[in-house]
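S.K.: Let chain V serve as the given structure and place chain U on it in line with the hints.
So the protein sequences, as listed, match chains V and U.
For the first sequence, this note's numbering begins at 3 and goes up steadily by one.
For the second sequence, this note's numbering begins at 3 and goes up steadily by one.
Calculated directly from the structure, the hints in this document are not laboratory data.
Simulated crosslink set (DMTMM-like; lysine to aspartate or glutamate; CA at most 20 Å straight-line):
#1 V:Lys98 / U:Asp263
#2 V:Lys153 / V:Glu126
#3 U:Lys459 / U:Glu356
#4 U:Lys171 / V:Asp87
#5 U:Lys185 / V:Glu101
#6 V:Lys153 / V:Glu27
#7 V:Lys98 / V:Asp87
#8 V:Lys109 / V:Glu126
#9 U:Lys185 / V:Asp77
#10 V:Lys205 / V:Glu30
#11 V:Lys153 / U:Glu174
#12 U:Lys171 / V:Asp77
#13 V:Lys183 / V:Glu161
#14 V:Lys153 / V:Glu118
#15 U:Lys262 / V:Glu135
#16 U:Lys258 / U:Glu437
#17 U:Lys446 / U:Glu356
#18 V:Lys106 / U:Glu174
#19 U:Lys543 / U:Glu164
#20 V:Lys98 / V:Glu118
#21 V:Lys183 / V:Asp63
#22 U:Lys279 / U:Glu164
#23 V:Lys205 / V:Asp195
#24 V:Lys213 / V:Glu17
#25 U:Lys459 / U:Asp448
#26 V:Lys205 / V:Asp63
#27 V:Lys205 / V:Glu7
#28 U:Lys171 / V:Glu101
#29 V:Lys153 / V:Asp77
#30 V:Lys98 / U:Glu174
#31 V:Lys205 / V:Asp218
#32 U:Lys171 / V:Glu161
#33 V:Lys183 / V:Glu27
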Amino acid sequence: MLTLEHLSLAYGTIEVLKQVDLQLETGEIGCILGPSGCGKTTLLQAIAGFHPAQSGRILIDRVCVNDTQTNLAPDARGVGVVFQDFALFPHMSVLKNVEYGLHKLPKAQRTQVATEHLLLVGLEDYLHVYPHELSGGQQQRAAIARAVAPKPRLLLLDEPFSSLDPQLRERVAVDVRALIKRLGITSLLVTHDQNEAFAMADKIGIFAEHKCQQWDSAYALYHQPSTRFVANFIGESTFISGEVMHQDQWYVNTQLGRLALTHSHNFVENQRVDVLVRPDDILHQDSSPLKATVTDRRFRGAHILYRLNLPNFNEEVLCLAPSHHNHQIGESFGIRLSIEHVICFASDNN
Amino acid sequence: MNARTGLATAVCLLAAVVVMPLIIVAASVFSIDTQLWTHLLDTVFTEYVFNSLVLAGGVGLGAIVIGTYLAYIMVNYRFWGKGVLSWLLMLPLAMPAYIIAYTYTGLLDFSGPIQTALRETFGWSRNDYWFWDIRSLSGAIVMMILVLYPYVYILARSAFAEQSYSFNKVSELAGYTRLQHIKHVSLPLARPAILTGASLAMMEALADYGTVAYFGISTFSTGIFRTWFGMGSLQGAAQLSTVLCVFVLVLLVLEKHSRKDAARYQSRQAKSISPVKLPGVIGLGVFALCLIPAIFGFIIPFIQLAIWSIEYATVGDLGDFITLIQNSLSLAALGAGIIVLFAVVVSYSKRLNEQQPSKMPMKTVEQALSLGYALPGIVIAVGVLILAGWTDRQINQFTQAWFDYRPGLIISGGMMILIFAYAVRFISVALQNTETGFMRVPQKLDQAALSLSPSYKRLLGKIQIPLLSASLISATLLVFVDILKELPATLVLRPFNFNTLAVRAYELASDERLIDAALPAITIVLVGLIPVVLLTRQLNKANV
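With the rest of the complex left out, here is chain V (with noise of 0.2 Å):
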């Protein structure tokens, strides 16, 4: 439905984004997630026909609708926008500032489709109030009704949420995923918030250093980054040191044991790479001999997340521990690794 192909995007001569590839099925949900500064908005305006690209192209529906030689205005590609602001007219009702993109449609058809996206949207008994009226969730449902309401092909979200209480988003993330689930169109949401991210996204782009990282589920994301960065910015870890071995199969060796890995990983026998470890890979088991100390301990209510020290090497690994196994900083306990996917990085001292 979206493809992007080798796109990227630069102001003037300073570059944004380069040799982004992605791809949104019909009806999925995707999300372009990073810190702010990494040219996620940039690559938004370039899909709407806001910024042309440098080089690549972008395709809606299989239609080019940009790249060296086609760069389609923005009326003509099919997209409704959903503003960081929301940009409702603050002069025109709730109903007029819907109507205000059907304008090539005659008089009474225009009320009538408009009147129909608002009942969609749960605002039917606001038709004829102005946006300053309404709260932050239905300022953002009138401007997606907005935005939908002309049949877009393609619908993106500028930091939909960014405008509402932190109390509100997540809530209001699941409700507005079931609402273009309902609609049944292709979306492109921007944001910096993974649990935003994870509350709306059928696949999550995570974009930093110019780059798209990974595009992929946020199950993969979590268990199976493909770089560091990816590792570090979805959820909590650590890296413990470890050395490549091959003997009928390839696997790391580690202070907490021997890690099979499935092939090679382009890795060569005796490199040295960091192994992520995630919290829920550290199970607390008092029979274990091997003992890690507590150095600080954060209660997370029906868990405790331990940061430990492990005896050699002066490593670090995080636990997530169920909050009745309760011990204080200095305290040693038993632990035990249980990891499913073994994630190898080149150590960095190599």
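M.R.: Then chain U, alone, in the frame of chain V:
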């Protein structure tokens, strides 16, 4: 009664005295002189109404057109010379309407350089050609538009700049052209700000005395003057003033209403519009288009005044001029000092009474005091004079009864009456500044200071005045310049044989001694530039 309530009571009493002239003018409607009014209605009243309305309407419309296009271009485009333009466009604010009016008269009337050059070039004589008569209602309208358009420009510029960057994109996505976007979104959103600016410009137009008197146009302000001096009826003047006040009040309501709308139209979290760069030739054309109001509103008249001033300085008597400067500066300084002091006391008292539950009507006091600025100087002069005459009569009756002595017009003929009139008119200028100044000092700071040393005097002296100094300086400066420029009230209320720069410039110009008038006039303009420069710096910081 504690110190806080005592101060508030004193402030209320003082405010009542300041508002008194306005009440007197309003109360004059209850004692209608039927003979006078029959005469007025039969003869000049319709003309006053017609001319005043056309004048205000024309100025409002002209200011809207010029101010809006300038503001739109300055916010939405980038082009060569924009930085200079952002300064030049503000300069007409320093040019009082009566000064620009007489300067252009010197340039454009029959014996002026333009018409003389035309006659010489084409060999015409007096009746061979038609030339625009600047001494007309249309002339007055053009003159006032030239110096009053910045009111609309300033407010519209902020309004355009506040519009969300995303609005453009919404229109672009829906396939609207730029012009359609302006029509459906940009202009409707800026409309409250534009109307606020226009109503301010129209109030100034109604308040103007110098220009219409110089051009010989019958409006309310010249009519009030004539009824009083020509027909000797101060009551009639006061009643005409009331009618004028009704017009002003309508504008005031419009202005307040628009401001409320404007606040509602501000979009939240808006990224401001990023101006589009205009390429060389187009940019140059836009620059030229925007330069026109500045050229006619400031540059040409200023150069003309400068030339005349140099002419006068080489032959004229500078002794008179130095006396004028001394008079004006000392009057303005004294007035500004007293008025700002009063404003500080009012704001301070209001603030103290906000901190704790209080029955003192401080908000009402403030609103009443801010009325004076909306009213024309001539109206205030009438009110002040009636009040002063009454007070003088009471004093004389009192001293006659008790000491068998009549001191005469001790109040009506003195300097204090002038300062009092300035206070009525300009207290709101000072108050606006002291209010925002106090607002910037958090209330917590007061509580901290009072908890350490429970003295209101120390709080004001050691904490607030030092923190307020910037606001106090700007308040003093603004009132100082306003007094310096004030014409009608000064003209009417000044002590016998006491002249200021404004009065003298007006008198000399009225006597067709344009060259002699230039030096006082250009001095007023130059001093008037100081607050304009400060304002421009502030605006450029906020809007660019």
